[in-house]
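> For the protein sequence lines, the chains are P and Y, in the order given. Its first residue numbered 1, the first sequence is counted upward by one per residue in our numbering. Its first residue numbered 1, the second sequence is counted upward by one per residue in our numbering.
Heads up, a few of these hints could be off.
List time: in silico DSSO-like cross-link candidates among lysine-lysine, alpha-carbon distance up to 30 angstroms [as the list claims (entries may be wrong)]:
| id | chain 1 | residue 1 | chain 2 | residue 2 |
| --- | --- | --- | --- | --- |
| 1 | Y | K74 | P | K143 |
| 2 | P | K143 | Y | K107 |
| 3 | Y | K66 | P | K143 |
| 4 | Y | K66 | Y | K161 |
If you want a taste of the chain Y side facing chain P, the calculated C-beta under 7 angstroms gives, among others [unchecked claim]:
| id | residue |
| --- | --- |
| 5 | L53 |
| 6 | M54 |
| 7 | R80 |
| 8 | V85 |
| 9 | Y93 |
| 10 | Q105 |
Examples of chain P residues lying across from chain Y (beta carbon under 8 angstroms, computed) [unchecked claim]:
| id | residue |
| --- | --- |
| 11 | A236 |
| 12 | M241 |
| 13 | S335 |
Since the hints were derived computationally from the structure, they do not count as laboratory data. Cβ coordinates follow ideal geometry from the N, Cα and C atoms, glycine included.
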Amino acid sequence: MKQQFLEYEADQHHLKLISRGEWTLNFILLIEKELRKIPCDKKIVWDVSGVSEFDSAGILLFIEYFERFKKETSLEVMGYSDKQKEMYRLLRTSTQEIEVPRKRSTLERLGRNTFETYTDIKEFITFIGHLFYAIFHTFTNPKNIRFKEMVYHIHQSGFNAIIIIGLTSFLVGMVISYQGSVQLAKFGADIFIVDTVAISITRELGPMITAIVIAGRSGSAYTAEIGAMKITEEIAAMRTMGFDPYAFLVLPRVFALMIALPLLIFFADIVGIAGGMFAANMQLGISPALFIDRVYEVLEVKHYLLGMMKGPVFAFLIASIGCFRGFQVSHNTESIGLHTTQSVVNSIFLVIAFDAVFSVIFTELGL
Amino acid sequence: MKCMIKVENVVTRFGSRTIHDGVSLQINENEIYGILGESGSGKSVLMKEMIMLMEPCAGEVTVLGKPLKGISFKDAQALRSDWGVLFQFGALYSSLTIAENIEVQLKEFTNISKMMRDKLVQSKLALVGLEPYVGALYPSELSGGMVKRAALARALAMEPKLLFLDEPTSGLDPIGARNFDALIVELRDLLGITVVMITHDLDSIFSIVDRLAVLADKKVVAEGSLENVLQSQHPFVEEFFKNEYSKTHFQDKAVMNKGKDV
Numbered sequence: 001m002k003q004q005f006l007e008y009e010a011d012q013h014h015l016k017l018i019s020r021g022e023w024t025l026n027f028i029l030l031i032e033k034e035l036r037k038i039p040c041d042k043k044i045v046w047d048v049s050g051v052s053e054f055d056s057a058g059i060l061l062f063i064e065y066f067e068r069f070k071k072e073t074s075l076e077v078m079g080y081s082d083k084q085k086e087m088y089r090l091l092r093t094s095t096q097e098i099e100v101p102r103k104r105s106t107l108e109r110l111g112r113n114t115f116e117t118y119t120d121i122k123e124f125i126t127f128i129g130h131l132f133y134a135i136f137h138t139f140t141n142p143k144n145i146r147f148k149e150m151v152y153h154i155h156q157s158g159f160n161a162i163i164i165i166g167l168t169s170f171l172v173g174m175v176i177s178y179q180g181s182v183q184l185a186k187f188g189a190d191i192f193i194v195d196t197v198a199i200s201i202t203r204e205l206g207p208m209i210t211a212i213v214i215a216g217r218s219g220s221a222y223t224a225e226i227g228a229m230k231i232t233e234e235i236a237a238m239r240t241m242g243f244d245p246y247a248f249l250v251l252p253r254v255f256a257l258m259i260a261l262p263l264l265i266f267f268a269d270i271v272g273i274a275g276g277m278f279a280a281n282m283q284l285g286i287s288p289a290l291f292i293d294r295v296y297e298v299l300e301v302k303h304y305l306l307g308m309m310k311g312p313v314f315a316f317l318i319a320s321i322g323c324f325r326g327f328q329v330s331h332n333t334e335s336i337g338l339h340t341t342q343s344v345v346n347s348i349f350l351v352i353a354f355d356a357v358f359s360v361i362f363t364e365l366g367l
Numbered sequence: 001m002k003c004m005i006k007v008e009n010v011v012t013r014f015g016s017r018t019i020h021d022g023v024s025l026q027i028n029e030n031e032i033y034g035i036l037g038e039s040g041s042g043k044s045v046l047m048k049e050m051i052m053l054m055e056p057c058a059g060e061v062t063v064l065g066k067p068l069k070g071i072s073f074k075d076a077q078a079l080r081s082d083w084g085v086l087f088q089f090g091a092l093y094s095s096l097t098i099a100e101n102i103e104v105q106l107k108e109f110t111n112i113s114k115m116m117r118d119k120l121v122q123s124k125l126a127l128v129g130l131e132p133y134v135g136a137l138y139p140s141e142l143s144g145g146m147v148k149r150a151a152l153a154r155a156l157a158m159e160p161k162l163l164f165l166d167e168p169t170s171g172l173d174p175i176g177a178r179n180f181d182a183l184i185v186e187l188r189d190l191l192g193i194t195v196v197m198i199t200h201d202l203d204s205i206f207s208i209v210d211r212l213a214v215l216a217d218k219k220v221v222a223e224g225s226l227e228n229v230l231q232s233q234h235p236f237v238e239e240f241f242k243n244e245y246s247k248t249h250f251q252d253k254a255v256m257n258k259g260k261d262v
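Could you put the whole structure together from the sequences, leaning on the hints where they help?
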């Protein structure tokens, strides 16, 4: 059975609207179709006493057309019940408060993002300040150094990363050796593959590969761990108990990584050169004995030391950014993911940027 | 009566949004003080300002006679060991067992032997009504009520003079909530501590709170004993206390309370 929702009675000055039936969510579309057809040229008298059932959707529809009719012609409503009036009052105020979100222009978004980056940088500088204060404080009171946590983190981020670091640097060494040998063989300068591999691995690639893998592995873990603690208010609880989160959470991670990363780089150097040796043997037939002999000749200690020097710097960057992003996590789980991503992206970028800076400095210094 | 906490004309703003505009209140020794207000009225923020997690934009907060503005690190640390905080969701350290959670401050800040610490931990567990075996569990293995009790045990670990409770009965079943109320009163009487609690729980307000402050319109609109607060004409007080539910459920208690005060 088709319901009748609206009836009109028109005389020359008035249009009488009579609502009928169920003004509920299920029929809203049908009612609206009928309402749209109402002409607004005469004074409207709207009788709602015939409505058998209504819900908030029905009332909202009524409000919408009530406003529209009122704007275009004069309107009189009659026959409403107290309940309808109450609901009208309730919904009326709620509809008025709705503010349509403005669409942001490109310029505004650019401005907002720039400002966000600016605040991020400012916050990071504050964080670094706190961190150095905490470092200073622990060095003046060495008994405050938290060795147990430090050892735990060395194990977690250092020792447990050995396999992945080994695998990655072995492959990188092999790839360098393969690609290099093709080019060098053209000139008959086969033996120079040893120089290429040994120097590039110890000076640049070993530290960088290790730092990038650790940034992805431990930097993200630090952010997620601290972020989760922030959400569960554990950090606030620590503060109220007088435990400085920097001394308890940040420093052990920073120190642990600063110790672990150079060790991993040392390991990566060895495995990377071994990878190069393996490929050189396969591609150019340079025997391991010859390879190692040549390494002794060409690989000066300074190359190795310059590579190792970067270790603690990269470690400091990765750990401090990881912790910083963790502290930025706000009270929802989504922001953990967001900040973890940011942490990894930031630390990998900074590792590469700092590596470039080191390269320039070392070259300028003639090292 | 000794004043434990004094909040004077505190103003708090987040960006352009003003949360507190001249909030003042006073908490006396050995009372259970309730902070009440609709959501978003800045109850938790006010508490955070008392426990040095946030700083107000203006105004002064004095806790145990020490103004918090510009407090030295040493004084701040001393204060922190004088209070215990129970967070709304416990905030137990998830990587430590319950016993370790309770023990952690003792371990860091005192030289008490391991054996003594264990005994203290057990006594705290018993105090809040938890079985000894709970000490070995991790926070994730506990029920909501047990987490609250464990967190309370941790808050009591340093024998605080002040106890801050953030919605202690929220998320508990009605019976558990009443037991928790009884526990708080018992602890107050037993240990002589001062309790500051944020609460919406009418039962708690009518039965255990000695004095309370009502936050609304960015200010304290009513402060004092329940009777005083009930005399307030402020719309929020009217709505909160004088609705049908409170009338039917707490009429007798309100009368009883009046009788007690007189």
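> Please go over all the hints and tell whether each is borne out by the structure.
Results for each hint:
1. Y:K74 - P:K143: Distance of about 17 angstroms is within 30 angstroms: holds.
2. P:K143 - Y:K107: Holds, at roughly 14 angstroms.
3. Y:K66 - P:K143: holds (29 angstroms)
4. Y:K66 - Y:K161: Cα-Cα ~14 angstroms, so holds.
5. L53: Result: holds, 5 angstroms to nearest chain P Cβ.
6. M54: violated (10 angstroms)
7. R80: Result: holds, 4 angstroms to nearest chain P Cβ.
8. V85: Cβ of Y:V85 sits 4 angstroms from chain P, so the hint holds.
9. Y93: It holds, given that the least Cβ distance between Y:Y93 and chain P is near 5 angstroms, below 7 angstroms.
10. Q105: The hint holds - Y:Q105 has a Cβ within 7 angstroms of chain P, the shortest such distance being about 5 angstroms.
11. A236: holds (5 angstroms)
12. M241: Holds, about 5 angstroms.
13. S335: Given a least distance of 17 angstroms, the restraint on P:S335 is violated.
In this structure, the earlier hints numbered 6 and 13 are contradicted, and the remaining ones agree with it.
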